[in-house]
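Visitor: Please build the complete structure, drawing on both the sequences and the hints.
4 protein chains.
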Amino acid sequence: MNAYFKDQITQFKQQNQNRGRLLVSCPDQPGIVSAISNFLFYYNANIIESSQYSTNPEGGVFFIRIEFECPLLKEKAAEMKQKFTEIAAKFSMEWSLTPVYKVKKAAIFVSKELHCLQELLWEWQSGDLMTEIALVIGNHEEARDVVEGLNIPFYYIPANKEIREQVEEKQLQLLQDYEVDVIVLARYMQILTSRFVAANPNKIINIHHSFLPAFIGARPYERAYDRGVKLIGATSHYVTNDLDEGPIIEQDIARVDHRANVDTLKKIGRSIERSVLARAVKWHIEDRIIVHQNKTIVF
Amino acid sequence: MNAYFKDQITQFKQQNQNRGRLLVSCPDQPGIVSAISNFLFYYNANIIESSQYSTNPEGGVFFIRIEFECPLLKEKAAEMKQKFTEIAAKFSMEWSLTPVYKVKKAAIFVSKELHCLQELLWEWQSGDLMTEIALVIGNHEEARDVVEGLNIPFYYIPANKEIREQVEEKQLQLLQDYEVDVIVLARYMQILTSRFVAANPNKIINIHHSFLPAFIGARPYERAYDRGVKLIGATSHYVTNDLDEGPIIEQDIARVDHRANVDTLKKIGRSIERSVLARAVKWHIEDRIIVHQNKTIVF
Amino acid sequence: MNAYFKDQITQFKQQNQNRGRLLVSCPDQPGIVSAISNFLFYYNANIIESSQYSTNPEGGVFFIRIEFECPLLKEKAAEMKQKFTEIAAKFSMEWSLTPVYKVKKAAIFVSKELHCLQELLWEWQSGDLMTEIALVIGNHEEARDVVEGLNIPFYYIPANKEIREQVEEKQLQLLQDYEVDVIVLARYMQILTSRFVAANPNKIINIHHSFLPAFIGARPYERAYDRGVKLIGATSHYVTNDLDEGPIIEQDIARVDHRANVDTLKKIGRSIERSVLARAVKWHIEDRIIVHQNKTIVF
Amino acid sequence: MNAYFKDQITQFKQQNQNRGRLLVSCPDQPGIVSAISNFLFYYNANIIESSQYSTNPEGGVFFIRIEFECPLLKEKAAEMKQKFTEIAAKFSMEWSLTPVYKVKKAAIFVSKELHCLQELLWEWQSGDLMTEIALVIGNHEEARDVVEGLNIPFYYIPANKEIREQVEEKQLQLLQDYEVDVIVLARYMQILTSRFVAANPNKIINIHHSFLPAFIGARPYERAYDRGVKLIGATSHYVTNDLDEGPIIEQDIARVDHRANVDTLKKIGRSIERSVLARAVKWHIEDRIIVHQNKTIVF
Chain A
297 MNAYFKDQIT QFKQQNQNRG RLLVSCPDQP GIVSAISNFL FYYNANIIES
347 SQYSTNPEGG VFFIRIEFEC PLLKEKAAEM KQKFTEIAAK FSMEWSLTPV
397 YKVKKAAIFV SKELHCLQEL LWEWQSGDLM TEIALVIGNH EEARDVVEGL
447 NIPFYYIPAN KEIREQVEEK QLQLLQDYEV DVIVLARYMQ ILTSRFVAAN
497 PNKIINIHHS FLPAFIGARP YERAYDRGVK LIGATSHYVT NDLDEGPIIE
547 QDIARVDHRA NVDTLKKIGR SIERSVLARA VKWHIEDRII VHQNKTIVF
Chain B
297 MNAYFKDQIT QFKQQNQNRG RLLVSCPDQP GIVSAISNFL FYYNANIIES
347 SQYSTNPEGG VFFIRIEFEC PLLKEKAAEM KQKFTEIAAK FSMEWSLTPV
397 YKVKKAAIFV SKELHCLQEL LWEWQSGDLM TEIALVIGNH EEARDVVEGL
447 NIPFYYIPAN KEIREQVEEK QLQLLQDYEV DVIVLARYMQ ILTSRFVAAN
497 PNKIINIHHS FLPAFIGARP YERAYDRGVK LIGATSHYVT NDLDEGPIIE
547 QDIARVDHRA NVDTLKKIGR SIERSVLARA VKWHIEDRII VHQNKTIVF
Chain C
297 MNAYFKDQIT QFKQQNQNRG RLLVSCPDQP GIVSAISNFL FYYNANIIES
347 SQYSTNPEGG VFFIRIEFEC PLLKEKAAEM KQKFTEIAAK FSMEWSLTPV
397 YKVKKAAIFV SKELHCLQEL LWEWQSGDLM TEIALVIGNH EEARDVVEGL
447 NIPFYYIPAN KEIREQVEEK QLQLLQDYEV DVIVLARYMQ ILTSRFVAAN
497 PNKIINIHHS FLPAFIGARP YERAYDRGVK LIGATSHYVT NDLDEGPIIE
547 QDIARVDHRA NVDTLKKIGR SIERSVLARA VKWHIEDRII VHQNKTIVF
Chain D
297 MNAYFKDQIT QFKQQNQNRG RLLVSCPDQP GIVSAISNFL FYYNANIIES
347 SQYSTNPEGG VFFIRIEFEC PLLKEKAAEM KQKFTEIAAK FSMEWSLTPV
397 YKVKKAAIFV SKELHCLQEL LWEWQSGDLM TEIALVIGNH EEARDVVEGL
447 NIPFYYIPAN KEIREQVEEK QLQLLQDYEV DVIVLARYMQ ILTSRFVAAN
497 PNKIINIHHS FLPAFIGARP YERAYDRGVK LIGATSHYVT NDLDEGPIIE
547 QDIARVDHRA NVDTLKKIGR SIERSVLARA VKWHIEDRII VHQNKTIVF
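Chains as they are written, first to last, in the numbering used here: chain A, 297 to 595; chain B, 297 to 595; chain C, 297 to 595; chain D, 297 to 595.
Certain hints may be false.
Note that the list lumps identical chains together, so a pair holds whenever it fits in one copy or between two copies.
[Unchecked claim] Below 30 Å or equal to it, Euclidean Cα-Cα: the simulated DSS-like pairs (lysine-lysine) are: (1) K562 x K578; (2) K400 x K578; (3) K386 x K372; (4) K562 x K398; (5) K398 x K563; (6) K302 x K408; (7) K370 x K302; (8) K372 x K578; (9) K563 x K578; (10) K578 x K408; (11) K408 x K563; (12) K302 x K563; (13) K309 x K398.
To be clear, the hints were calculated from the coordinates, so they are not data collected in a lab. Quick caveat: nothing in here was measured; it's all calculated off a predicted structure.
Guide: Dropping the structure here:
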């Protein structure tokens, strides 16, 4: 299967060698779209997909994501970035220009429960998650077989409160060695230190097994059961130093009734968790998310 | 339209003159269903619909709802109730035996926003909510026209914190005069005293404009907006003396995205609120709900 | 209530006096967005919302919808339209530039079942459907009371196969007299002649009570019941001369099970029909729909 | 992982050694539930779950599914079956009494696309699908690695129109050798002969990649694309000799829009197909389905 995926990723890179993505946020005012589209037209780029949003046309913040096809993008990219700084300066833009063929590298963190990991591996194998899974780190051994079976490096790093800092040092070293772009916590049941989080702003994606902000913290399914809710949910969000309070990327729910005990809730929940996390990771990989004031704009 | 509904309700009563509903809860043990079904068979009743649930087959609580067709039910009902007390005693049952032709009487409480009231009136006019809407009480005048236009008595009783007790005295008097079975708070924006609540246990149905237990309390849409959630919801529950903590009857959600401001959330929310409340009221009217330890079993 | 709505519509017109919408479709090529955004910038317009889509970046068709805020739009509109013809010619565009304050005029056609009509009236009264409901035409009298109660003209025009042409002549005359922009068939149970349809291209919106293309034609709920489906649906589409084959605007479904008989399916279905039709009408009113080769692009 | 599953299945069998399921259908009349529950009470069985349905209380067909806990079920089962024949005769019942510890044996048929197979394997490994996957038969080799990796026998039997009968002979032999109870067509792209179907009535479960009865037959996603639908679906059904016309077990849909091309529809569809098929198989395994006149009652 891994061979199949290598074919897919090679094919993807070839098909997208001229494809770029431009993300911009800046104070709203007339002329932004005009300036950006003139810039792209100057480089003979064709806009394939464009989404924009403004918090308020008067005095608000403007966001845009453009996906474009530009002949000879590899050759032009450096010059384009250089030129775009002028427009960016004029409109006080925060921006990024990303070539699509540079596939992002992901690290997946996991503990004992494998359903979220397996969904990601599956999507990845079927070519629906165009990332390079650089490595998987587990604080338990459960995931080793399935991960190594796909020729992905697996690192077993036991973890607990007492040794948190040493553990994270090892993890950070690995992330650096593998040049990781995004960290996915696929039901990784350890809390990260503020140092680790600060080193990876808007790069750590977590799945919380409840419909946040309901049931923040531990044992959400048990508490959902006790409260007698009629829907349970899952939430994927960027990790910040406020536990379960980071910018929400995606949420979903499933209907339950009085017959569901805690185990049934967990089973139903697993199915929501895996699809919610997979969608969030996919959107991140495709540069569809802009974080603004602890919220996400998802284009 | 009222004439049309009167026809419908008359027709409903005739069609259901032999229809009864039996609700039972008791400690689980073998022989319960056998005892109940023998009892019904003795009275020549045919079981039309039956739902049961046990919290735990060993040492748990057993719940059953049976809808049956029994020839000459009106004549037999008193004797059946008398006889059933023996079975009930043997199994330590809490139970009710309700004839379906006795349509329940509802009071609707409303403030300024009418969407929940209108959904209920609509369902009622179309014959989907088989209740008698005995009266509508508003602490504002907004609802008068639409209510009186359907020949339903409307009582304007202004309310605020200072006069809460006098207000509730008037309300309780009206509920008694009209022999009301169920009170629906259709976005009634006043808090009820514990005295009022205690006088109507498991009889007051509220709609909360959030996916409880998220955003308990005031201004849920504003807080949902601030948190950047990707789904908003509504919750219908029985009112207890713990604010927004009563047994949940029904919940639903709708998907939202970054483009939705507070007003948009409210508009989307109104549509969820009205359908969630209507379903909860319908289930109550049809004797489908059993409350057990601050949760609902909905059959 | 009508007074309330008049306030709302007046307020809406004032708030949107400078708001315009530009819809464009043309062969895809680089430079389109640049040309359009330069044009808007020249008139000092700020782009508020913009959605685009291309069937294929190479040799496909490009579609864009832009909502913009332009100071003194009323004064400039004529000149802008004049100027835009040059760009349109260069790129072979089909296009429209619509001022938002010019609220569209709708005619609703209805037969005996009122649920779709009532949903539209409700959305309209609550200010969620920014259209002027110019008149309602019924081939039965059932709708008169509710329509006239809102001070909307109601025309009773009995109809059947034999007198179809005379009936439509009257209808077309009324549509002309009231300067109607969009015709909504809210469960109007008469077939329209090709002449009527041809006179109103992409202007007649129908609701079909099934998940098209399943159960094309008559008695869809009966046939859904016979087939034992587990979901039922509704479809809103523009009317063409191929029965139930026009461009689909919106669809939705609800879950059903073996307990649902035909009547239950119809009840459940009514709730889907009314929300699906309301969404389709709203999108049409807001110029969100472009028809292309018997499909809709809904921005 | 297989070891893990073996533990699970052993544990399941032990936990369910006294658990039985009774499925009954017969002409409706008073006394059925009474007779059945007396029977169970006589054997000291406690009813855990019970669902019933009647097509019509007067002259209709009555269906019931009871799950019960009966001490020493293994020892009593033969006698209970013997005794139940008397009740069955009296009420003209079709019935089955199944011990839960006897886990059903499944054969999975697959072609090139593996997503449905993988979902089933996954659910099975996580203990959510309590079946013994006896073997997998493929008319292509794609599935071999993943199947054999789980120590499940894989049989590669190439198939096409010309050799259909020889192929099916081999398959039928294997089904007999492995004592298979249920055959799952997990995107198996071959048509079965009437002989094969007749030999396995209500035992073959298929997944069709459309929302039946829309897009019966080949290339449903292509046709959904051409029609411009706004929802796509999948349908799981028992196989009969009318192509795609067998009793529907489960259906589900996902929302799509104009941006989805055929490939996107297929990707979205895969996710619906796998969950719809998994639910159908689970319900079958748990004896929740009764087929009646080309429809299913799913308890």
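Visitor: Confirm or reject each hint.
Guide: Evaluation of the provided hints:
Taking the closest pair of Cα atoms, K562 and K578 come within 30 Å of each other both inside a single copy (24 Å) and across two copies (17 Å). Taking the shortest Cα distances, K400 and K578 sit within 30 Å of each other inside one copy (11 Å), while across copies they are farther apart (38 Å). Taking identical chains as interchangeable, the C-alpha atoms of K386 and K372 lie at most 30 Å apart whether they share a chain (22 Å) or sit on different chains (28 Å). For the homomeric pair K562 and K398, the shortest alpha-carbon distance between copies (26 Å) is at most 30 Å, but the shortest distance inside one copy (37 Å) is not.
When the C-alpha separation of K398 and K563 is checked against a cutoff of 30 Å, the pair qualifies only between copies, where the shortest distance is 23 Å, while the shortest distance within a copy is 37 Å. Taking the shortest Cα distances, K302 and K408 sit within 30 Å of each other both inside one copy (28 Å) and across copies (19 Å). For the homomeric pair K370 and K302, the shortest alpha-carbon distance inside one copy (21 Å) is at most 30 Å, but the shortest distance between copies (53 Å) is not. Taking the shortest Cα distances, K372 and K578 sit within 30 Å of each other inside one copy (27 Å), while across copies they are farther apart (44 Å).
When the C-alpha separation of K563 and K578 is checked against a cutoff of 30 Å, the pair qualifies both within a copy, at 23 Å, and between copies, at 14 Å. Proximity of K578 to K408 under the C-alpha cut-off of 30 Å is found in both arrangements, the shortest distances being 23 Å within a copy and 25 Å between copies. Both within a single protomer and between protomers do K408 and K563 lie at most 30 Å apart by alpha-carbon distance, with minima of 15 Å and 29 Å respectively. For the identical chains of this complex, K302 and K563 are inter-copy neighbours only, at 19 Å across copies versus 33 Å inside a copy, given an alpha-carbon limit of 30 Å.
Taking identical chains as interchangeable, the C-alpha atoms of K309 and K398 lie at most 30 Å apart only when both belong to the same chain, with a minimum of 7 Å there against 49 Å between chains.
The structure is consistent with each of the numbered hints, conforming to all of them.
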